[in-house]
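Got chain A; can you put chain B on it based on the hints?
As you go down the protein sequences, you meet chains A and B in turn.
Heads up: the first sequence begins at 6 in the numbering used here, then just goes up one per residue.
Heads up: the second sequence begins at 104 in the numbering used here, then just goes up one per residue.
Hints are computed from structural coordinates only; laboratory data are not their basis.
For clarity, every value in this text was computed on a predicted model and none was experimentally measured.
Keep in mind that a hint or two might mislead.
[As the list claims (entries may be wrong)] Cross-link-like lysine-lysine pairs, in silico, DSSO-like; alpha carbons within 27 Å at most:
(1) 399/B with 310/B
(2) 9/A with 22/A
(3) 310/B with 122/A
(4) 65/A with 47/A
(5) 195/B with 119/B
(6) 193/B with 99/A
(7) 275/B with 195/B
(8) 350/B with 367/B
(9) 207/B with 22/A
(10) 310/B with 358/B
(11) 207/B with 65/A
(12) 115/A with 223/B
(13) 358/B with 122/A
(14) 119/B with 22/A
(15) 310/B with 99/A
(16) 64/A with 22/A
(17) 207/B with 99/A
(18) 305/B with 329/B
(19) 118/B with 106/B
(20) 122/A with 195/B
(21) 408/B with 294/B
(22) 183/B with 127/B
(23) 127/B with 367/B
(24) 122/A with 305/B
(25) 207/B with 115/A
(26) 223/B with 10/A
(27) 106/B with 207/B
(28) 305/B with 115/A
(29) 22/A with 223/B
[To be verified] Where chain A lies over chain B, by a calculated footprint (3+ residues, C-beta under 8 Å):
(30) 205–216
(31) 219–230
Virtual Cβ for every residue (Gly too), placed ideally from N, Cα, C.
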Amino acid sequence: MEQKKILIVEDDIVLQKALQEFLSAEGFEIVVASDGEEGILKAKNEEPDLILLDIILPKKDGYAVIREVRAEVSLAGVPIVLLTNLGGLNDVEKALELGATTYLVKADYKLEEVAEKVRGMLVKA
Amino acid sequence: MQKIWQRLADEFNIKKQADELGVKIWQAPSFLFIMMGIIIIFAMTVVYYITKYYDSPEAVIFGESSVVAVLFTIGNFIIKSIEEMARANKAKTEFVSIASHQLKTPLSEINWEIELLLSKNREGLSAKQVEIVDNIAHSNEKMMRLVNDLLDVARIDQGRLALVNEQISFGKIVDNVVLSNVILAESRNVKLSVEIDKDLPKIIADKRRIGVVLDNLISNGIKYTKEYGKVEVTARRGAENVLVCVKDNGVGIPKSQQGNVYQKFFRSDNAIKNQTDGTGLGLYIAKNIIEQSGGKIWFESEENKGTSFWFSLPVAKSLTNA
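Bound-form chain A, shown alone (with noise of 0.2 Å):
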């Protein structure tokens, strides 16, 4: 099977260092963002099979990214895996509607059931 490209956008550097290392144990290519904009230029530039986008970001925040993405023709179909703490209905709903795929509140998820979250969506993607 080919190498899939995961770009992680998240402004934590702690969490985004540690999903990086699990992830590409787990035999994915990844690329990092630590802001909005970074995150919306590396997912043109790189085309990523799925992103794992952070909410609240410097820069441009995770709503501004969904809609630049969703706006890109090549990008339309990747599935966009929100990671909060937010846990509100309003944000996630809110995200969901600008066309975010599914999310996961990080501080309930194993790094492990991140993992397998990633691998199911690419499955259906």
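Okay, now just chain B, sitting in the frame of chain A:
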């Protein structure tokens, strides 16, 4: 009879009430109400005497209007102080929500770092080191539970608890929760048994939160059961729901306090006396989660005999509309 006097005394103990509410005596609603009553009685007496001894409608009108003015002022104070309390309460809920939210990020970091250490960087760690890291992970999980509980309570209070509903097989959740309570049960020599119907249908609910509800009920059962007691967990199929029971033969809940069980921060007298630790948030959260999931929760309890908690959750209608 003594109780009635006690209540009356409490009712009129304005200083205590003001202290409890954290306001000055003259701001306490009950003080202001008593003042209003006194002024009304005084005003009526004055009006009575004026009409009896002086034939002067102007005096009556003047007297009445000034009394009304005074009453309006006091009424205004009452409204103001109630508004202030409501605002303070809201600010407190928001504070709890923001504070626990901020705590979640470092806790997630610790969780993931520990997992990374144990799963991908385990090489070279001695068994003792792994054990220590495991203990740290366990403590961190406990901390996360507390923060999640606080956050859930704040969300319930703000009326915006968002459930992540999905189709779940209940048996799996029960197994996981029971497994995580085995150590607690063993440490207290409590026998923990599980019986789940084989053909239990799937339900639609929030996986993590239903786990929290079950964990609250099971760990309560273990905590409030004396040594060598037992806790039985059963899950059965009902007509249109799944029926779960957590039964213990522990200290029970005193009859007089059974009405308060679902109140926030409620701890029964015998629970406090036995020095069992707890926040008194578990059942408050459980009730709200179960009811928001379209289910019901109820219990039967007798002091020194034991407590049985039941809850029901609706079965997933079909695979298509899930």
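Just pull the numbers of the violated hints for me, sorted ascending.
7, 10, 13, 14, 18, 20 and 27
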